[in-house]
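**Q** Spelled out from the first residue to the last, the chains are:
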Amino acid sequence: MKPADESRPPFLGSWRNVYALVLLMLALDIALLYAFTRRFQ
Amino acid sequence: MRPLDWVTLVLTLAGLVLYGLYRSRGAKSVNDFFLAGRTMPWYAMGLSIMATQASAITFISTTGQAYVDGMRFVQFYFGLPIAMVIISATAVPIFARAKVYTAYEYLEQRFDAKTRALASIIFLIQRGLGVGVAIAAPSIVLSLIFGWDDRVTTLVIGIVIILYTTFGGILAITWTDVLQMSIIFCSLILALLMVVSMLPPEISFGSAVRLAGAAGRLNAIDLNFDWNNRYNLWSGLIGGTFLALSYFGTDQSQVQRYLTGKSITQSKLSLLFNALAKVPLQCFILFVGAMVFVFYLFNAPPPLFQKPSLLKAQTSAAWPGTEARYRQAFAARREAALAVAKSDTAIPQFRAAQKQFESVRADAVKLAEQAQGGAKYNDTNYVFLSFVTRYLPAGVVGLIIAIIFAAAMSASSGEINSLATVSVIDIYKRHVRPVASDAHYLGVSRAATAFWGIYAMFFAQYGKNLGSLVEVVNLVGSLFYGSLLGVFALAFFTKRVTGTAAFAGMIAGEAAIFAAFSFTGISFLWYNVIGSVVVVLVALLFPRPTLPAPAVV
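Here the protein sequences come in this chain order: A and B. For reference, each letter of the first sequence is one residue, going 1 to 41 in the numbering used here. For reference, each letter of the second sequence is one residue, going 1001 to 1553 in the numbering used here.
What the hints contain is simulated information worked out from the structure, not anything from laboratory work. Heads up, some of the hints might be wrong.
Pairwise CB distance ranges, derived in the manner of DEER restraints [said to hold, decoys possible]:
1) A/Phe11 <-> B/Ala1394: 43 to 49 Å
2) B/Tyr1455 <-> A/Arg39: 45 to 51 Å
3) A/Leu12 <-> B/Phe1225: 41 to 47 Å
4) A/Gly13 <-> B/Ser1343: 50 to 56 Å
5) B/Ala1300 <-> A/Arg39: 27 to 33 Å
6) B/Thr1494 <-> A/Ala27: 42 to 48 Å
7) A/Ala27 <-> B/Ala1515: 21 to 27 Å
A virtual CB, placed ideally from N, CA and C, is assigned to each residue, including glycine.
Turn these sequences into a full structure, and let the hints steer you where they fit.
**A** Structure (structure tokens):
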């Protein structure tokens, strides 16, 4: 592995933003599944 | 299995092995054999991580679980994205800078040789126990469904794995995993389309979803906190995060996947790809199981999905009466389900009919348990395969059986390769023969791979007698992961903790986990939390060595 290319992800500018996107998607998954559960309970 | 199914099965398996061997040509060093020369792109690593984690039993059992218990199992995976973010930000760059072959090699750089040795041995014990079960589980299910001898299925899976892992190393494993996961995705989509298309004409997709929901099969989120309940939002987020941190951050079978990356960026992307894809994928698999449940509202399911137990139960004097009540309960539930398709006002009647149906089935289960001498009966793992073999057309059955073999192979091959890596790098090279040529170590690596493959086949024969196989795998992992997670947390986030303190912490962590296992009813998901916290606390409180006082002149 080459540590040199660690600095920037290929999108969103920084790894912090990429991590935030992943956690946001998790929150969205949970919210949608909760709505799904409530809707069809 | 019809001739077309056999052709599909053989062609798919042969294609997978040949593809893996073709992609691995040119593996001529230990670096190639264990780390693919650190050349892998993110998508190959990402799919390989997913394939190694998803054993055959995952696909068989998860669909069955949705049929029996609904979709709440998805909460088990909520901690995974959080863990992936933490590992991407910490472990990936640390391991990359350390230029290690194994995660445990890093522990010697940070602490000392004994901490590395203890972590390696813990890994070899727990993964060594798990690898046999990973092969045994699908072998047993396939043997019971088709009447094949489970030693034959174990032998077929084992020999195929040994062939491509011994010759091709991690390159063969990774590229085979990529193809396997692609086939698995396509087959699952095909299975969903087939099950929905086989519903009665008056049942639309919307009605099918409403029926699954009315029967409690779409209960994805449970907000109630309960220490003893495995699947709720909180155990998923907290316990699941610790479990995923342990698995992806400290288990060599996973760490080795992202050590093969051609850059840190590629390794991080492979983990984050899993973070984004895992929850929707598990949701999809569970949804397929929920739709199989709806299918069986209109097509009579067998009272018991496991044939040998059904045959035993049928010898009971009470069976004819139970079977007659079962048929009546099915007919009443079918009528109620058709009424729900027309109007939601029929939902209470449908729920009552479902409850009655479950009650009669529970009576059938009791008869099966009595007939088999009181042994617990559970047919969750047989629901999906029973549906596949009974209702899907020729060719598709062969393809689904092929993906079960493929999933068994991808999970086991990754584990065998990682066991060989730790045996060679952390034990043989470190303690037995520190200086030798690369060709020598490559030969030993191939021999170690073949050894672990043969061991897995033999252990599968023992593992099949251990009871519920999924529980065995989960339990064995949880008994050891907590202490590994704790020691890596110390390595990554503390500077003053010594090797001896970390070693003592690991011993204390293991003791705490075994105490929780032996004397409490706490769910296994929490063992990782308990073990890692004890390791960190004991190591931090461990007395530091006192430096000799400077000589007074």
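**Q** Provide an ascending list of the numbers of those earlier hints which the structure does not satisfy.
**A** 3, 6, 7
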